[in-house]
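The primary structure of each chain is shown beneath.
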Amino acid sequence: MVNNLAMPKSWNADTKPHKFCPGCGHGITLKILGEIIDELEIQDRLVFGVDIGCSLLAWDFFNVDTVQTHHGRTNPVMVGIKRANPELLCIAYMGDGGGYAIGSQHLVNSAFRNEKIMAIVINNCNYGMTGGQMAPTTLPGQKTETSPYGRDPETMGSPTLGPEMVAAIAPAGAYVARASIANIRQLKRFLKKAVENQIAGNGFSFVEVLSSCPTNWRTNAKQTWDYVEKEMSKYFKTGEFRTPDEKKEA
Amino acid sequence: MVNNLAMPKSWNADTKPHKFCPGCGHGITLKILGEIIDELEIQDRLVFGVDIGCSLLAWDFFNVDTVQTHHGRTNPVMVGIKRANPELLCIAYMGDGGGYAIGSQHLVNSAFRNEKIMAIVINNCNYGMTGGQMAPTTLPGQKTETSPYGRDPETMGSPTLGPEMVAAIAPAGAYVARASIANIRQLKRFLKKAVENQIAGNGFSFVEVLSSCPTNWRTNAKQTWDYVEKEMSKYFKTGEFRTPDEKKEA
Amino acid sequence: MTDKPIQGEKRVFMTGNEALAWAALAAKADIMYGYPITPQNEVMHYWTRLAPKYGRKFLQTEDELSAGFTTIGGILAGRKAFSATAGPGTTLFQEPISMAEMMRIPLVMAIMQRGGPSTATVIYSQQEVNMVTYGGNGEGWRVVYSTATHQELYDYLIKSFNTAWTYRFPTFVLADGYQAKMREPLVMYDPEERGMKMVEATPFVGLPGMPGKDRPAAHLRNTFSVEEELYEAIIPIHQEYEAMIDHVVEWEEEDVDDAEVIILSHGVVSRAAKAAKNRLREKGYKVGYFRPITLRPFPEKQLQRVAAKCNNFLLAESALGQLARLVKEALFNVPVNKLETIYKPGVGFTAEELIEKIEGTR
Amino acid sequence: MTDKPIQGEKRVFMTGNEALAWAALAAKADIMYGYPITPQNEVMHYWTRLAPKYGRKFLQTEDELSAGFTTIGGILAGRKAFSATAGPGTTLFQEPISMAEMMRIPLVMAIMQRGGPSTATVIYSQQEVNMVTYGGNGEGWRVVYSTATHQELYDYLIKSFNTAWTYRFPTFVLADGYQAKMREPLVMYDPEERGMKMVEATPFVGLPGMPGKDRPAAHLRNTFSVEEELYEAIIPIHQEYEAMIDHVVEWEEEDVDDAEVIILSHGVVSRAAKAAKNRLREKGYKVGYFRPITLRPFPEKQLQRVAAKCNNFLLAESALGQLARLVKEALFNVPVNKLETIYKPGVGFTAEELIEKIEGTR
Amino acid sequence: MARLVKIAIAGEGGQGVQAIGDVLAEAGNAAGKEALYIPNFGVEQRGGVSIAFVQISEEQIGSPKFASGDIVIALSERAVARTKQYVTKDTLFVYDSSLITADTSNGDGKASGVELPREAKQIIAIPATEVAKQELIPRVFNMIVLGATIRAAGIIDMQTIRGALEHKLGKKFVENPKLRELNYQALDRGVELVEKALQEGR
Amino acid sequence: MARLVKIAIAGEGGQGVQAIGDVLAEAGNAAGKEALYIPNFGVEQRGGVSIAFVQISEEQIGSPKFASGDIVIALSERAVARTKQYVTKDTLFVYDSSLITADTSNGDGKASGVELPREAKQIIAIPATEVAKQELIPRVFNMIVLGATIRAAGIIDMQTIRGALEHKLGKKFVENPKLRELNYQALDRGVELVEKALQEGR
Amino acid sequence: MSKNFRNLCFEGPKGYFNISPDLCKSCGLCKEKCPTDVLDWSEELGVYGSPMIEPVRMEQCTACGICQMVCPDAAILIEKKKKAPKTA
Amino acid sequence: MSKNFRNLCFEGPKGYFNISPDLCKSCGLCKEKCPTDVLDWSEELGVYGSPMIEPVRMEQCTACGICQMVCPDAAILIEKKKKAPKTA
Ligand SMILES: Cc1ncc(C[n+]2csc(CCOP(=O)(O)OP(=O)(O)O)c2C)c(N)n1
Ligand SMILES: Cc1ncc(C[n+]2csc(CCOP(=O)(O)OP(=O)(O)O)c2C)c(N)n1
Ligand code: SF4
Ligand code: SF4
Ligand code: SF4
Ligand code: SF4
Ligand code: SF4
Ligand code: SF4
Ligand SMILES: [Mg+2]
Ligand SMILES: [Mg+2]
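Protein chains in written order, with my numbering: chain H, 190 to 439; chain U, 190 to 439; chain C, 661 to 1022; chain Z, 661 to 1022; chain D, 25 to 226; chain F, 25 to 226; chain S, 119 to 206; chain R, 119 to 206.
Since the hints were made in silico from the structure, they are not lab data. Misleading hints may appear alongside valid ones.
Taking lysine-lysine and the DSS-like style, the derived pairs with C-alpha atoms no more than 30 Å apart in a straight line are [claimed, not checked]:
(1) Z:K713 x D:K113
(2) S:K200 x H:K332
(3) U:K198 x U:K382
(4) H:K411 x H:K426
(5) Z:K664 x H:K332
(6) F:K108 x R:K200
(7) S:K121 x H:K419
Take a look, some chain Z residues computed to stay more than 12 Å from chain F by CB distance [said to hold, decoys possible]:
(8) Y827
(9) E989
(10) N993
(11) P995
Which bits of chain C does chain Z cover? Going by a derived footprint, with three or more residues having C-beta under 8 Å, they are [as the list claims (entries may be wrong)]:
(12) 675-689
(13) 715-723
(14) 1005-1018
The C-beta atom is built at its ideal place from N, Cα and C for all residues, glycine as well.
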């Protein structure tokens, strides 16, 4: 008997089970994204860009043209493609390290330039792929491999608020939101609106997703959900920060 | 007869007349900064960092320990110094290209980390040193060497709003302001408060200065003042965006 | 709009940067991505003025990392995209270039060297040879044309697009601030009017059809999980690079057959070298001239053949031995009587000083 | 707090990354600045755990550019600052390194190579030799120690601080993912207990006194206006580099006097090479062993001396000729009978395959 | 012992393969020998087969990884496939017969389980999981494997291994002395299982 | 003409030095010769002395910059100092005597003005600024210098220079035909000034 | 989609619970989210060799689909039974 | 400060206007900003060889100091005359 009906059509079944860890929020997000690709029927004009970080594990995830780039450079690669061929839809998919640390100049400047691409940042409060170091998004007090005694905001900084930053600087036409794997319907709504914003050509589309990293958090399923739902959402508010028509949903 | 009484004591008279063009706002800003150094008596514990861009011409401007760094890297060099020896006061002095384009990841992350340094960005709406290319701050419609038909925000992006961005993301204790050479008393007040904020160790201190570049603007004195006072200030609002005590001055 | 930018042959007198912008137009480049840096700025200045007239595009990025990766993006989309940079910009460009090497992306760039190391000076040098030939965390899978004249800037930038799109290795025109900023004459032409076929650009992504159904999806990557997987991936690249060498290697030699000493140089220095050789020949000295045009791949066999005839060399470069390293490698295990060197990092050469040097030692 | 981290001699069994963190402590490093990258991550993991116990500091930066420039800042402030990176991180680090070269900043770094080019793999390679010895827009004013064992990781990281602060050139411990991740024994010690004097760090900025009055202000720069000014600035640096060479160059040679073939290798590969040599000697083959420890400056004279005794070589490296380029340059104009090479980019060597190779050809 | 013993132990993420390698090498080191341990290392945090490479020797060890193992141990079916490359005619191949169904079809095409590396000098099946579950507790499974490995390699005496275990798990043992007992028993059972298999094999 | 003539023209930012170099080289090119022009180039946008290096030759020109000029022209006191390095015993040195006060102290220590490069083959003083102001209009000053240079170099005929000028300033000339006249007059005056000086020098 | 995955189907009053042992990585996210506590660990092993998930109290399953929604590996498929038409 | 700069001093009713030809780069910023239109170009050349600034209508100078404040090159120094003490 066969069971892959739960898989979005745009998934590349040949590479499943995928390479993400058990319980990883990347998997959830990419399932939702797959559904959106199917629903909007954009599989044949989409270019999916993945960063270095666990997002790279999605280099053959979809039956969608996919480019795996350098750490932090997925944004400019997608910008380059979009500029050269505006017919294509471009999604830059990356981690919080790639988006907010090493690639932050690209994020900020893509926003100021209102690049007609979409960027997704997976916020898992750490550097997943390299084994759990502090990320720009690591919560105050959170222990990671490079903040073994807990992140002290005084010396190590405060968590990056990506959507807040992008919303503060992007010109009209931009779409900016934060969603969470803890609210999948909202997650899907926001991601879909972002893709549609690109299709409409309004401006830069940006969604941060609160995600899980049970491997580096060393959490079981219950703790994982608790962390996303309680700890993370205390600091990171979900909702829409900018919409092209400026009617926002909290 | 001798006349250098108009020079701040902290200026290095041996290197005067300085290397900036006639009518350059860098000169005005550095005069004010010199006065502040004198008044606060910090000449002997200040490290002044200059970027690539016309700011580099100040590498021997003051009788202050000065480090000229790479384009966009003055922020991290100053952060490195401050972290290693918090007794020192560090000012990172750069252009809008260095601050908002190639060095924007450093600016954003210094802000999130609330680095206890001060950064000054000279906004002259163009890349001065390289001969007048478009900068992140170039005004809509402005002609530069790389926007010869005028900056089109649709394809070339909208001017970077640096203080607005930094204010949106910096933690408590930060000082963020925009001043202008067109209002020298305010410019001095803001720069001084920023230096004092560092002395107090409250957090990141950031001041953007609306400045002039008659050479690349190809303006005479009247046009220069007009550009700063009318064109630039239309887009870039001066005032305090963040203060450690949150009482702001417009 | 979109008439051919150049019709007929046209003798012009312009700066090297301007010549490069025209060459890119003539080579049918679609889009330039770049970040300003002296001494290449005017490539961008001319391109931004010319491009819209011929339906071409431009994007000024936030830094050279972005310039490199957006250029790669443009190429992936199937456009002839290019960039230009210099000095510390070239240093930053090593990151995207390394990705282009691994993923066989036909990146084309003009590199106008300036003094080094670090920010150094904004005008002239030959100190980016190490970096442009073998920079990054790799094996130097690049093609590097070192040009001496404005005519060559024009010719080789056009050729670079063909080399890159034929062999899919990043390809560079390596020149310098003197060539960028000086004016001299050259003849501009449309390459196809001269019967030169311009290789078509083809997209890496966004081909027609439903991926996974009508065609396989493009799954492009530069990362591998284990050592052996990487080994399997890169050995063929290396082999294809090696197989390409004979097809792209270029050099120039004059009066080597009876030479008693051969002047070795590249780029703009070879102008002084050639002039010196000519004048010394007039005076009766048996002087020869050898100049690698491709610094990578290096004309190794060609230099060895020359060394078999004459193995006294005078090597002149505006760097501290960067060409010399390539020469020594090429001449490995070839007996050389003398390899004298004049290194003038960041500073130019005149024919006079080379003449003096050779007259002085004879 | 701040007892000596290591007292007495201590045999330990640990990963190379852990050994590096301890070595930095033992060398009195004050502060580490860094950005995570495999396979060097655990240097940071151990350092962040240990540092606070001994009053040392750490800053995780936003990228490698920042890591490099903050490290430089720390050094300017007069602290022994260091960093560690790998692969594409090393590529980005070329920018700050080039500034350190120009400004004579004693930057110390551990580079744990991974596969290349581009992101490639996260574990092992010798493909960063080109870049670490001669990267950036300059002349390779660096000291590069290529280590083979955990003991050497420890010894040479300590030594690097002394080399850097004595000669003021950026200094590197070049190792790889195998060394980073594997566990093996080594002996840790406090260098001063062994009578090794640790060079004091001195500040470049913030010295006592009023600048311009009690002392000149430090006016540090890396940019010059005209070509001649740059030339005047860098020639002395080059001369001081050259003058340093004999003092820092290091190599290892065994059984070369009567050798019929000498195995050339560096870093972790030299473990296989040495084992192969030993076993072949036992079997009666006259095999020798030569290994550069400093890849830059390269033990040129030393290798030439060896080549005068035996000029049959087998060169093995986990790259496509990066060591070979250094060897060929060093052996320029030295007659060599045979230089056989085995290139395995990104993949390790075993003694067995070297033995097989040599037995096969004899 | 031979002057160099090369051991590869492979299994799924949660099986404690790296802990076995680590203790083994630590014990080798404690015994005054040269020891070297390296995990395999890919780009994913989890998912692939985990392999521990251990070498113990009388003299300095060359390369950290090797082309052929003296002892290769596979603890899952995927691990059998993944470690095949390290098995030669001089290799002792050990597998957990409670987890791995060996192909008994003798190559007649109808493979019913995993194909074992026939070229091995000897193949030893030990029901480590089964024994752990039934006689001890499931999680000391990897200590049975460690015991088996020691016996197969014949390089380190039990005393040293116990010392190394004490070093790694000392704290836990103090908290729960029963655990020490269980671990020691598991080690011994591992030794026995191999001995038995070797005898049968003769 | 000699087969290669090397000319350096130096002055302050606003003096139009680069325009002189540019037209000169353009004319050389138009005359079918090899011509090469390069400005000096430092890090500042303004401030330093501006130098134009021009070479005109019968054959391909070697290096864009040169160590010694055949003709060196200085238009400000700072320019005299800055161009000294290009003056040898074969150099014709020209300066604007209305802007530059030459040291007439004969090296007796009491320099009253700028020291001229005595080693030059010949030194020619022309009062270009003065002539421009009094006879023409101040801003054609650089055309006088251009005329002087052509005469001194003896490489290009007036017709070609006029063509090059037409090429550069054609549009402006159409708008204001008087300007063309003034420019041509300035060119001629430059030629005359040098001729006069050369005669006096003899 | 060329690759096939084994499927185990469990029937409940409201619908069918399908799960593939070739996809389930035993993360437990579904188990935690099931509002009616249907799920628990199975004897059967998932793709990483650890116990996969199983609907041990299928009678409580409302076929709400939450488990399917949160599964990062698309290992679960819930098929709702069609409501019997009221008129029948 | 070891370097000296020449100074030209102009007296007005309210104060002294000092300017150094060694510093003035003729940018004109001061001239534009003078509220009482005191300043104009001089015959004297500034440091870049172009006409420097001069207080041609010194009688109108209020010694307000704005020109000094805006000069990027610190070429101007305004010295206010002390007001005669009222009691005098
Ligand atoms: C230039 C460069 N620096 C560092 C790395 C190492 N690196 C790989 S992934 C990663 C962080 C990944 O974290 P994040 O972006 O948050 O993604 P996640 O794995 O958490 O999804 C880092 C630092 C690299 N590959 N390249
Ligand atoms: C890595 C690098 N890229 C580019 C440059 C070239 N460059 C020098 S200055 C400059 C821009 C300066 O503009 P800005 O920062 O606005 O300073 P300004 O000169 O306008 O004061 C650029 C792009 C460089 N030196 N290094
Ligand atoms: S390490 Fe974390 S983010 Fe990466 S795949 Fe595993 S769970 Fe997901
Ligand atoms: S170019 Fe512009 S910014 Fe630079 S010194 Fe001149 S006027 Fe100032
Ligand atoms: S469908 Fe709903 S009720 Fe049924 S198992 Fe899934 S989550 Fe539980
Ligand atoms: S969420 Fe999916 S992968 Fe995780 S346990 Fe449930 S079925 Fe298995
Ligand atoms: S002091 Fe005031 S009034 Fe006097 S010249 Fe200056 S600006 Fe004008
Ligand atoms: S502002 Fe200063 S430099 Fe400018 S004209 Fe006035 S005095 Fe001269
Ligand atoms: Mg992350
Ligand atoms: Mg600027």
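Each hint tested on the structure:
no.	hint	verdict
1	Z:K713 x D:K113	violated (52 Å)
2	S:K200 x H:K332	violated (49 Å)
3	U:K198 x U:K382	holds (20 Å)
4	H:K411 x H:K426	holds (21 Å)
5	Z:K664 x H:K332	holds (27 Å)
6	F:K108 x R:K200	violated (51 Å)
7	S:K121 x H:K419	violated (38 Å)
8	Y827	holds (29 Å)
9	E989	holds (28 Å)
10	N993	holds (29 Å)
11	P995	holds (37 Å)
12	675-689	violated (count 0)
13	715-723	violated (count 0)
14	1005-1018	holds (count 4)
Violated hints for the displayed structure, listed by number in ascending order: 1, 2, 6, 7, 12 and 13.
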